[in-house]
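> Based on the provided sequences and hints, a complete structural model is requested.
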Amino acid sequence: MPIPADDASLAEVAAALAAPGKGLLASDESVGTIGKRLEKAGLVNDEETRRAYRELFYTAPIGKAGISGAIMFKETLQQAAADGTSFVDCLTRQGVMPGIKVDEGLLPFEGHDLATGETSTRGLDTLAAAAAGYRQGGARFAKWRAALRVDASRGFPSERAVELNAQQLAQYAAVCQAAGLVPIVEPEVLIDGTHSAAEFGAASERVIGATVAQLWRQGVALEGCLLKPQMVIKGADAAGGRAAPEEVAAATLTVMRRVVPAAIPGIMFLSGGQSEEEATLNLNAINVMAQQQGKAPWSLSFSYGRALQASVLKIWSADSSRAAEAKQMAVALAAANAAAVRGAYDAAGKHPSVTSDSSLREAFRGWHGPTASAPAAAAAAVAQ
Amino acid sequence: MQHTMAMRLSSSRGAGMPAARSSSSRSSSRCAARAGRTTAVKVVATSRFEASNPFMEEMRATAAHIATRGKGILASDESNATTGKRLESVGVENNAETRRAWRELMYTAPGLGQYISGCIMFEDFLYSSTAAGVPFVDVLRKEGIVPGIKADTGMQTLPGTDGETATQGLDNLGTKCKEWYKQGARFAKWRAVLRIAGPGQGPSTTAIMENAHGLARYAQIAQENGLVPIVEPEVTLGPGSYSIEETAYWSERVYSHVFRLLNEYNVVLDAILLKPNMCLPGLDAPPATPAEVAKYTTRTMLRTIPAAVPGIHFLSGGMSEEESTLNLQALNEACPNAPWSLTFSYGRALQATTLKTWAGKQENWEAAQKVLLSLAAANSQAQLGQYKGPHPSPGGGRILQALRTGGAGK
Chain A
32 MPIPADDASL AEVAAALAAP GKGLLASDES VGTIGKRLEK AGLVNDEETR RAYRELFYTA
92 PIGKAGISGA IMFKETLQQA AADGTSFVDC LTRQGVMPGI KVDEGLLPFE GHDLATGETS
152 TRGLDTLAAA AAGYRQGGAR FAKWRAALRV DASRGFPSER AVELNAQQLA QYAAVCQAAG
212 LVPIVEPEVL IDGTHSAAEF GAASERVIGA TVAQLWRQGV ALEGCLLKPQ MVIKGADAAG
272 GRAAPEEVAA ATLTVMRRVV PAAIPGIMFL SGGQSEEEAT LNLNAINVMA QQQGKAPWSL
332 SFSYGRALQA SVLKIWSADS SRAAEAKQMA VALAAANAAA VRGAYDAAGK HPSVTSDSSL
392 REAFRGWHGP TASAPAAAAA AVAQ
Chain B
11 MQHTMAMRLS SSRGAGMPAA RSSSSRSSSR CAARAGRTTA VKVVATSRFE ASNPFMEEMR
71 ATAAHIATRG KGILASDESN ATTGKRLESV GVENNAETRR AWRELMYTAP GLGQYISGCI
131 MFEDFLYSST AAGVPFVDVL RKEGIVPGIK ADTGMQTLPG TDGETATQGL DNLGTKCKEW
191 YKQGARFAKW RAVLRIAGPG QGPSTTAIME NAHGLARYAQ IAQENGLVPI VEPEVTLGPG
251 SYSIEETAYW SERVYSHVFR LLNEYNVVLD AILLKPNMCL PGLDAPPATP AEVAKYTTRT
311 MLRTIPAAVP GIHFLSGGMS EEESTLNLQA LNEACPNAPW SLTFSYGRAL QATTLKTWAG
371 KQENWEAAQK VLLSLAAANS QAQLGQYKGP HPSPGGGRIL QALRTGGAGK
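So the protein lines, in turn, are chains A and B.
Heads up: the first sequence at position 124 corresponds to 155 in our numbering, and the numbers run straight through without jumps.
Heads up: the second sequence at position 283 corresponds to 293 in our numbering, and the numbers run straight through without jumps.
It cannot be assumed that every hint is accurate.
[Stated by the list, open to error] Per the computed footprint, the stretches of chain B lying under chain A, defined by three or more beta-carbons under 8 Å from a beta-carbon of chain A, are:
id: 1; segment: 55 to 64
id: 2; segment: 268 to 279
id: 3; segment: 316 to 327
No lab work stands behind these hints: they were computed from the structure.
Small disclaimer: the values here were computed from a predicted structure and weren't measured.
We put the CB at the ideal spot given by N, CA and C, even for glycine.
Right, here's the structure in full:
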């Protein structure tokens, strides 16, 4: 489908991103985060490797496979394919809108650490100027991630974490809309922990409810933004094995119906902690149930990172000459999830994933800024 | 300014416009949600309050029943003072018997249950009977009409504001709810009133916070005791030349505060009903067409009312009987597959001509009941988006009444 014209309203852009059967590729991992994955796969974390890795996705026909937008890291927005075509052009030519991660990573509360504590998100101070630059550079939408933790024993998520992150998300959204970027609002409630789905649902209602309240408070136009929450799912360390997709669907729809206004065109779920196959099965179950029950006025779609990438990296890192095969995998993963958005994924069939069935959960998901191993890339990123 | 941006967006796309208008189909069919509702919605309890509340399933079923498509609520919970004024206006003496007889006329109208799914009652009449001795709650239940009860005790002015009000009635509300439940009520209603003083002068933050709190706390207490709370945050139609956009803006502001607090107070949205105002310009501004009313009202609802709420029952406050039906029809045309029922909770819009027809005379009893049925039927059709007219009570001006304060619900 054609990309909305440059002067299209934010509502038109948001609607196009959340169009029926479409979803987002989250490929905006920071240098540190993507670096850990590349290194774990036996590769070097340098700018060329990161560039070549992203090229697999942006030059594969993911647009036709159902991707409406790709979120990029700021370094990547400046990069190009081997033949010199900018990544922005690679994407827009195939009907995929470029998006940009605009937050500067998580900042633990005083006395907390990143792996176990509560955080706020950095980046508001420089956002307005940065947003204008990104829009000029071709980005049509932005993303900002807040992370909240569920831990009843410590009173998490605390009132402070809920309110502060909600305010920051709303401020970010308002600034982006003023700069012509559709904001994806991501209040991620982390899957880490032993909580039940009901507990997670309660936390999600609190967190998303507070976030939406702040969006209202700060005059963010709901028709021109998207929400990126976690599905309502029990903790990664909770007993009882994996939840059935129908359970995830019922819990997720209950919560979304309670806290997400219909004016928001799309709920683009994140996949954090789920395996590639789980992410597809759960999304499909959500859409099948929504079609049966109604009362689901937004698109129920995806903004997946690892669930669209893990198998691609596995193939390519094993042998970089298998790039074509890796690109086919990118397309297959995208197509499976696009089918899930329509509630048409064949749950009994074979999922294209080739990563093991275990979750793609990572303990460390935050960013502290330029890493010591890539000072040149960092300098270039800062200088742009 | 953010407010301006919000309005610019709406005019560029128009929430709820028919799908055919735009190539980005999903965008303009916010109301065109998935077709084919065949399965009951499964709800997962997410709070201890919800999980441990023995009334939860019954309340969800009650709310869903009241929000049945093609049906709405008859609001007949006027205080004795207000009822008296209306009786006197058609030449009927105001006493306990005439007030009771007036309710009997409405509640025993044959076939009322085809169009009415719930009836809000004033406390006196929850405990009253027909002349033949049949309790009103039984009469209603037999017709499939759920009895409901006005739960608040009236308004008081907020000191330091320009005549703004707070609603009273939280003290002992739990005990009262238990009694009402025993008597057969299964839902309650609490009316909060906000006002726009003039162009650029919306309700004060004090008034918004106070009324949002009252509504949330009442809703929590009602659910605790098995009554589905109708949450009524009325941004009232008043004098002034403020525009319909302003009404929409302030309505959004009020409802967003209300729903923030409902969330904070663990009120289960699957088991409430909303009774909001439609968006109308001030009385001194040019009147809006039904299409304009629909555009701003549906946009406001889409922006603030979560899909979990089963029914949005608009109040008629001030609108004539015909206007109330035409506007409801326009709403349902604009939003044919809304996630909630867009329906009515009408008082004056179902009663005005009915009362005039009766005028207290026994020989007019049946004719008056027929008028009530025809008004209910017209609004039922409007809820289904199928109202064609002519209206049983055409024309008619605004039916306004002054805001009463100082009440203790008497």
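> So, for every hint listed, does it hold in this structure?
For each hint, the structure was consulted:
1. 55 to 64: That given contact holds, which follows from 4 residues of the segment 55 to 64 of chain B lying within Cβ reach (below 8 Å) of chain A.
2. 268 to 279: holds (count 5)
3. 316 to 327: n = 3 at 8 Å, threshold three: holds.
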